[in-house]
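> Spelled out, the chains give:
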Amino acid sequence: MFGRTDRYYVKEFEADTNANFLVVLDISRSMDYASEGISKLDYARYLAACMSHFSRQQRDRVGIVTIAEDIVDFVPPSAKHLDMVLHVIDRLEPGGQGSLSVPLLKIAEATHRRSIIAVISDLYDDPENVLRAVSILKNKGNDVLVFQILDPAEINFPFDQAAHFEDLESGERIPVVPERQREQYRELMNNHLSELSRLLIENRIDYFLFDTSKPLDHALFSYLSRREKAGRLR
Amino acid sequence: MGFSFLAPVFLAGVAAIAIPIIIHLTHRERKEAIAFPSLMFVRKIPYRTVRRQKIRHWLLFLMRSLAVILVVAAFARPLLDSSTQAVAAFSTARELVILLDRSHSMAYGDRWSRAVDATRRTVNGIGPDDRATLILFAERADAVSQPTADRAVLQAAIDAAELSSGVTRYGPALQLAREIVERTDRPRSEVVLISDFQKSGWDPRQAVRLPEGAEFTIVNLSDAEAANLAVIDAAVLRTRSGGRESAIISARFINSSGMALEDVRASLIIDGQAVQEQAVNVEAGGSASLQFAPVVVPGRPVRGVVRAGDDALSGDNSFHFVIEPEQPIRVLIVEPRAAGPDHSLFLRRALSIGSRPGFEVEVRRVTRLGPGDVDGRSVVILNDAPFPDGEAGRRLRALVEDGGGLLVALGRRNPPGVWPEGSTALLPASFGGPVERASGGGGTLSYLDYDHPVFNLFRTPRSGDFSAARFFRYRMMQSGEGSRELARFDDGDAALVEGRLGAGAVLVWASDFENFWNDLAVQPVFLPFTHEIVKHLAGYREPDSWMAVGQVVDLSLVPELAADELPEDAELLVAGPTGGNTVISPAEDSWYVRLDEPGFYEVGLAGDGDDRSAVLAANLDPVESDLTALDPEEMVGAVVARTEAGAAAAPIITLSAEDLERRQALWWYLLAGAAVLLLAETLISNRVTRATN
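From first to last, the protein sequence lines stand for chains V and R. When we follow our numbering, the leftmost residue of the first sequence carries the number 11, and every step to the right adds one. When we follow our numbering, the leftmost residue of the second sequence carries the number 44, and every step to the right adds one.
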């Protein structure tokens, strides 16, 4: 254009590209907990299925990785893999202990295209470790979203009867007096959640806490609204 | 003023307060573990050491404890003291008469303790202006306290009250109560009758009507089902075999319960040792008899007891009796000089038969009668023989004057002319020549004095026919002053005349006993007739093998004590069955002793040197063993005065504790209070739980 007209032009255009959308779903035994109603794992299933479905609707390639202490199932992102993703989501069984470091490292090594990666877990780990594991994906140029799923009993600790509490993942039993430990528990949990939120947001990683007592559509809508606002700002 | 409880045993349930305490102090650990996603925030803390140290919610604890107490108190069936209620209801002063039944039937089960409790409650309820009198009654009524407002005096009287062995009689107690009520100056009066309402003690014809306006309150202590077996009689039948005297004991039992008693062991105890035991079956509401095997009677009084059953009224399960050795009547038959060998055949034969009493008969010719032959005799029969003269005659007169008996038969050999001069004056009738009645079949006896002991036995029809005897001759008799004609012939002549000579009796029979002038000797009535004559002349009284409690015994009539031979300053010591001693002083004319309790009384001379003694057996009145209860309303209707309109003048309040408790129904309020407390506790605890969460 400059040769013909000897004038500079700026050409603007918009183009839609097909992105990879990969769901990383924690299926450790701690996810198989429900104080009442739906369990965390089921809640995570619905969330993963919804997000995969939405992504496929906008022609993204969808895939899923289920993890515990290692990768359990891996469906690479593809335009044709929605059914497989849904099948994996439907058939998965909880098991193993939760750990993000090893599986996320392997995922980072396995993905070569920049992807949107949604990590769904209860994040029972030190916040620094969580950030370290997630940052590997982030540093490879992926758009990483972290969804923490918690049962209301894990937040409020409403128990009133002294009993032995059994860790779902390790099987360890501890005598607990909830009335005496409730306040301390809540404080520790709040500190944990605050630290996670602070670290992830500071590192430009989207973080959202889902409470299984709240309807999934409501939680999802809140998240997407916030994501849309953030997108406009960028 | 205060509470009492019908079922205080339930108060032990207060221990249930420990339950909320335990709940508060020990937070029990759940047995199953609670699964939790991660315990990274849960610290390990041993919790028991902390939890058991203190009660956290005092309000909840107090509410739970109070609820438990209320429930327990409700089950214990509380009641406000009845008399307290009365005081609250009526403020005016009253005259209170408490009639406490202490008859033997009150010993059944716990009746007596319940009666004492009811009496105490009544006394506790008297107001400051009230006045009360306590009357104990059985067959008689005794006011054990004067009308008083002092509870201490009344309580002391209650403490001293004891059961008696007497029978129930309501009449005297009600009469005494009426007298007190009639004399009172109090505006109100109330009679409280505390009894088991034994039906046998109530005679409507002797009902005492209280003054108009007097309240009549009953405390009914009867039991719906009162089972009682009683031994009510033990008859002693004497037999003699081989020169040894034996006794056969026949016992009688009654069963006043509604259930048949089978195979009840009845034992015969002689002098403290069980010698026989047999089983007896008694139908419900029926009676039964049992005969034990003969027991040998030694020559001394024997104490016997028949014992059977083991029920709530034990006093009538034993029956006491005494078997006295036989004491024969010593009879001397005096025959005329020309008597044949069988002159007294019929008399001897008749008197040789008999065991109650036996007769010891000796026969002497009047010509051979020595002074010593008369001594020691109870009865002398001049069988067609004249009065002996000389020393024998004087001894005979002395014998009669000292209480002995003389029977004179005026036969063919006994005209007045053969009698020593002046001796016929000892007879109650003068006599003369014989009266011929051979023509026309002979005379008969047309009048007999059945009120006299000699003929009393023949009083009832078909108990002896004297009219069959034919009298062909008899001597004309003219009754003297002070004499009594006991029998007359059909022509009006005296046949048997009785007179007194000193302390003794003289009977004159106008004919003979030989079957010569008459045929009475071959008539069936001859044997009992002669027995009755001799027993009467000897002053014989059949010894009582037992007596009834409440009976007053005249010790002067007890043969063993030989009252007429006692020294003037002698004192009798009466030892009761339970050890209480009573001293009787015959010198002061007090020969009487009252038998107050069942068992054996031992009577002896106080002091040393005289071993005369007697044993008396006393038994409860069988009437008291019948525990059938009277309908109290029947008594109330007869005792309470009615107004002209026919309505009861005084309110009738049944102070039975059960009725009072039912009427007050305090348990309902207690349970309602407990329910409200538990509801409030639930609300508060939920609120506390929510706040904690």
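Among these hints, one or two may not hold up.
[Said to hold, decoys possible] Just the calculated beta-carbon pair ranges, DEER-fashion:
#1 46(V) / 727(R): 22 to 28 Å
#2 168(V) / 64(R): 55 to 61 Å
#3 52(R) / 196(V): 24 to 30 Å
#4 64(R) / 196(V): 53 to 59 Å
#5 196(V) / 727(R): 41 to 47 Å
#6 50(R) / 200(V): 44 to 50 Å
#7 107(V) / 64(R): 40 to 46 Å
#8 49(R) / 46(V): 49 to 55 Å
#9 196(V) / 50(R): 35 to 41 Å
#10 50(R) / 168(V): 44 to 50 Å
[Said to hold, decoys possible] Derived coverage of chain V by chain R (criterion: at least 3 residues anywhere in the stretch with Cβ under 8 Å from a Cβ of chain R; other residues may be distant):
#11 97-105
#12 111-121
#13 145-154
[Said to hold, decoys possible] In silico negatives: residues of chain R with every beta carbon more than 10 Å from chain V:
#14 75
#15 108
#16 322
#17 465
#18 619
Derived from the structure by calculation, the hints contain no laboratory data. Ideal Cβ positions, reconstructed from N, Cα and C, are used throughout, including at glycine.
> Confirm or reject each hint.
Evaluation of the provided hints:
no., hint, result
1, 46(V) / 727(R): 22 to 28 Å, "holds, 25 Å"
2, 168(V) / 64(R): 55 to 61 Å, "violated, 27 Å"
3, 52(R) / 196(V): 24 to 30 Å, "violated, 52 Å"
4, 64(R) / 196(V): 53 to 59 Å, "violated, 31 Å"
5, 196(V) / 727(R): 41 to 47 Å, "violated, 25 Å"
6, 50(R) / 200(V): 44 to 50 Å, "violated, 59 Å"
7, 107(V) / 64(R): 40 to 46 Å, "holds, 44 Å"
8, 49(R) / 46(V): 49 to 55 Å, "holds, 51 Å"
9, 196(V) / 50(R): 35 to 41 Å, "violated, 53 Å"
10, 50(R) / 168(V): 44 to 50 Å, "holds, 46 Å"
11, 97-105, "violated (count 0)"
12, 111-121, "violated (count 0)"
13, 145-154, "violated (count 0)"
14, 75, "violated, 8 Å"
15, 108, "holds, 22 Å"
16, 322, "holds, 67 Å"
17, 465, "holds, 126 Å"
18, 619, "holds, 74 Å"
Against the hints set out earlier in the document, violations occur for numbers 2, 3, 4, 5, 6, 9, 11, 12, 13 and 14.
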